[in-house]
Amino acid sequence: MPTAVRAADTLQLHEQEIKAGLLYNFLKYTNWPPAVMNDGSSTAVCIFGNDPFDGYLQPMAGRTVNQRQITLRMIHRIEDAGTCHLLFINADEKGHWLQLLDSLKGKSVLTVSDFDDFADSGGMIEFGKKDSHINVNLNMEAVTGARLHVQDRLLKLVTVVHSTSSGGEQ
Amino acid sequence: MDAPAAVYVLTNEDIMRSGATSIPEALRQVPGVQVARVNANSWAISIRGFNGTLDNKLLVLIDGRTVYDPLFSGVYWDIQDTVLEDIDRIEVIRGPGAALWGANAVNGVINIITKKAQDTQGNLASTLAGNQDGMAEGRYGGKLGDDGYYRVYAKYLTRGDEQTLSGGNSHDAQEESRSGFRTDWKGSGDAKDDFTVQGDMYNSGASQYRITSAFTAPFSPLALERLDARGGNMLGRWTRTLSDDSKFTLQSYADYTYRDQLLLKDERSTFDVDAQYELPQLDRHKVTIGGGYRYSVDGLTGTPLISFTNIGEKTQLLSSFIQDKITLEPKTWFLTLGSKFEHNDYTGFEAEPDARLQWHPDEKDMLWTSVSRAVRTPSRLEEDLHIIQATGFSNPFLLSVDTLPNSDLHSEKLTAYELGYRRQWAPDVSSDIAAFYNEYHALSTYTSVGALAGTNPTRIILVRLEPFNNSWAETYGVETVVNWRALDSLNLSASHSLLNMALHGSSSPDATETQSPKYQANLHAAWDVSKNISYDAMLYYASALAAFQVQSHTRLDMRLGWRIMDGLEFDLVGQDLLDSSHQEFTLPLTTPSVLASDINRSVYGKLTWRF
Chain A
0 MPTAVRAADT LQLHEQEIKA GLLYNFLKYT NWPPAVMNDG SSTAVCIFGN
50 DPFDGYLQPM AGRTVNQRQI TLRMIHRIED AGTCHLLFIN ADEKGHWLQL
100 LDSLKGKSVL TVSDFDDFAD SGGMIEFGKK DSHINVNLNM EAVTGARLHV
150 QDRLLKLVTV VHSTSSGGEQ
Chain B
0 MDAPAAVYVL TNEDIMRSGA TSIPEALRQV PGVQVARVNA NSWAISIRGF
50 NGTLDNKLLV LIDGRTVYDP LFSGVYWDIQ DTVLEDIDRI EVIRGPGAAL
100 WGANAVNGVI NIITKKAQDT QGNLASTLAG NQDGMAEGRY GGKLGDDGYY
150 RVYAKYLTRG DEQTLSGGNS HDAQEESRSG FRTDWKGSGD AKDDFTVQGD
200 MYNSGASQYR ITSAFTAPFS PLALERLDAR GGNMLGRWTR TLSDDSKFTL
250 QSYADYTYRD QLLLKDERST FDVDAQYELP QLDRHKVTIG GGYRYSVDGL
300 TGTPLISFTN IGEKTQLLSS FIQDKITLEP KTWFLTLGSK FEHNDYTGFE
350 AEPDARLQWH PDEKDMLWTS VSRAVRTPSR LEEDLHIIQA TGFSNPFLLS
400 VDTLPNSDLH SEKLTAYELG YRRQWAPDVS SDIAAFYNEY HALSTYTSVG
450 ALAGTNPTRI ILVRLEPFNN SWAETYGVET VVNWRALDSL NLSASHSLLN
500 MALHGSSSPD ATETQSPKYQ ANLHAAWDVS KNISYDAMLY YASALAAFQV
550 QSHTRLDMRL GWRIMDGLEF DLVGQDLLDS SHQEFTLPLT TPSVLASDIN
600 RSVYGKLTWR F
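Protein sequence lines, in the order shown, are assigned to chains A and B. First residue of the first sequence? That's 0 in numbering that gives the first Met the number 0, and the numbers climb one at a time after it. First residue of the second sequence? That's 0 in numbering that gives the first Met the number 0, and the numbers climb one at a time after it.
The set of hints was computed from the structure by calculation and includes no laboratory data. Among the hints, erroneous ones may be present.
Stated by the list, open to error - Calculated cross-link-like contacts (lysine to aspartate or glutamate; reagent style DMTMM-like; alpha-carbon spacing at most 25 Å):
no., chain 1, residue 1, chain 2, residue 2
1, A, K129, B, D383
2, A, K128, B, D407
3, B, K142, B, E84
4, A, K27, B, D401
5, A, K129, B, E465
6, A, K27, B, E465
7, B, K264, B, E174
8, B, K517, A, D151
9, A, K129, B, D407
10, A, K128, B, E465
11, A, K128, B, D401
12, B, K114, B, E568
13, A, K129, B, D401
Whole structure, please, built from the sequences with the hints as guidance.
Encoded structure:
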């Protein structure tokens, strides 16, 4: 019994590690509008709610991406979300999501989470799980609506949902 | 031209007068063909869209021998060459040529046909030198007995370094030497037999910058790759003319190619035998049937970046076709029905039917329409190869993007609807217009199947891409050509093509709606100034490739020819005179792809001596 629990723990850890690792890639290959980028010198990566990464995100703090330093912040108030560049919403906070979404209107914040239907309800990047794979769904409509631009390098790694082109939806 | 299809024939004169120093460059004149030079040694060529260096849905043949490589469903243009003076014509068919040629003739067929040995008799020596190109070739043609002819040739060429996008040396030069022969003879005896045996061999070396992947910083290093290619082929053909309108042809060839690049080494041997029987006119029916067998075996040597399940693979392809040209009303209405049937090792049985209706209201006009189906069978790359496409640092882990094979991949399918009108307005003015609407289904695009934790090396996130038939598209457009022999000594021709594409399904940036230009236009003036001076001016326009940030481009080429004396001619050629350099294409910066170069303006002088 204890062995089985430990194995499950290990798998759980891997999942969160992968998500934490992919966040860095999102930062690297997303372009924020020039006005936002000129507004300070650090890229704010925020977590709304408790830390779901068990500290795996810590190594990112202080590192540079695209010539800007990364600062990590924990947010508990909806009003503070607008100051972030990337906002990860802990799945436990999904009840507050629609309120958060409303407060982020007009702001260029890249929203990421791992609860079901996140992308369908206006979230930008949703982590899903299938077998032992972590799927990444990107809501293109939401991304472009916030004046964000995702580079081809990142587009290759994700599945686009709610596309804005003349093509069909996935 | 009588064919109910969008056909354009590049004559030997068209090729020589254009000043083109290679087959890809000569193809620029053909309406509807997108020719994009990637660097000194490679080109991306396609018809009606989907241009790229891999998979451009085109079948290319040289004297009946297929030169498209099944490893990635494309053509290595760097090693397709011959003595250009000895090319009789290049027939380009836009649209599915499926009924006679088979799988991969999805968007078109390019058929390069060399002159018969009896038409290349005597000595030919030619050399050219310029800021980019260099070439020296010799050909000798003679008789074989009473009814036979032969020629032998040797050719050496160099393609000089172009520029990197930031103005440096792109180190993409190529040098190639090749030699070959062709013999044609008539059989003795009562039967009317024609025999041809021909062969070539080549050796080529080139270099170019390629983005590779590594598991340590800097992760995506630029490597200068050395590319070595060599090969040879031998082809035999026997044609028995049975009557005025009936003949039987049997053809067989063997082809060996070897290619050694940074990422992999590929050796392939192909053996092909084809038979075709044209039946005599029976009532209203003119039937042609044929069948063929192709056996191909390849050996891949991988590197840490490319691996595969099968090191050597043997594939067999069985194909057959039938075509019936039915006379609905003599000299006026004809209906051609045909189909090709194939069995290949990846997707099994495929049928490609084709129906064409042509109407000749009078001697000057021809109207035609067609509907056809074509397929592109998966390449070995898609079915079998595992490529580490890109690696990077995704703090605090390493990230690796891998493309995986999908052995269950289906063929891509096309249903094409075409309409064309050809008219001889006056003895010296003719036009040809073709419109098309293509529906593509089951297009294969590399799609993410998610990320997981890899173990090799440890602490790595693996993002996996697999090809799936999850895309579909519509393309439509029109191509027009007008030719006017203004004077006995002056010929003017203008062509334009329009291409619209709507792509659906996959969001992969590798397949985009703007990888081929929307507009292309050509103008060609061929002027025989005097008995000894000839002059050609060619203008080529291609609109921008928005997705690749390649700008629209207008290119002006000029050729001045001077016949110094009988058998001795000097040509002065300038290519891309309006720009010192420009970019024509680009490759995705994430895949293990080659760096595209800025193509330089080229000026050269050529001396041709026939004796």
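Does B:E174 sit within 25 Å of B:K264, going by the straight-line distance between their CA atoms? Within the cut-off at roughly 19 Å; holds.
Is the Cα-Cα distance between A:K129 and B:D407 25 Å or less? Holds, because 20 Å separates the two Cα atoms, which is no more than 25 Å.
Distance restraint between B:K142 and B:E84, which requires alpha-carbon spacing of 25 Å or less: holds, 19 Å
Given the hint that A:K128 pairs with B:D401, test it: the Cα-Cα distance must not exceed 25 Å. holds, 19 Å
Given pair status - A:D151, B:K517, alpha carbons within 25 Å: holds, 22 Å
25 Å Cα cutoff - pair A:K27, B:E465: Status holds; Cα separation ~24 Å.
Agreement of A:K129 and B:D401 with the hint, judged by alpha carbon distance not exceeding 25 Å: holds, 18 Å
CA of A:K27 to CA of B:D401, is that 25 Å or under? Given pair A:K27, B:D401 holds - Cα atoms ~19 Å apart, limit 25 Å.
Straight-line Cα separation of A:K129 and B:D383 no greater than 25 Å? holds, 24 Å
Proposed proximity, B:E465 with A:K129 (alpha carbon, max 25 Å): holds, 15 Å
Hint consistency between A:K128 and B:E465 [alpha-carbon to alpha-carbon, up to 25 Å]: With a Cα-Cα distance of about 17 Å, the restraint between A:K128 and B:E465 holds, given a limit of 25 Å.
For the pair we were handed, B:K114 and B:E568, check the Cα-Cα distance against 25 Å. Roughly 21 Å between the alpha carbons, so the hint for B:K114 and B:E568 holds.
Of the hints listed earlier, there is not a single one the structure fails to meet.
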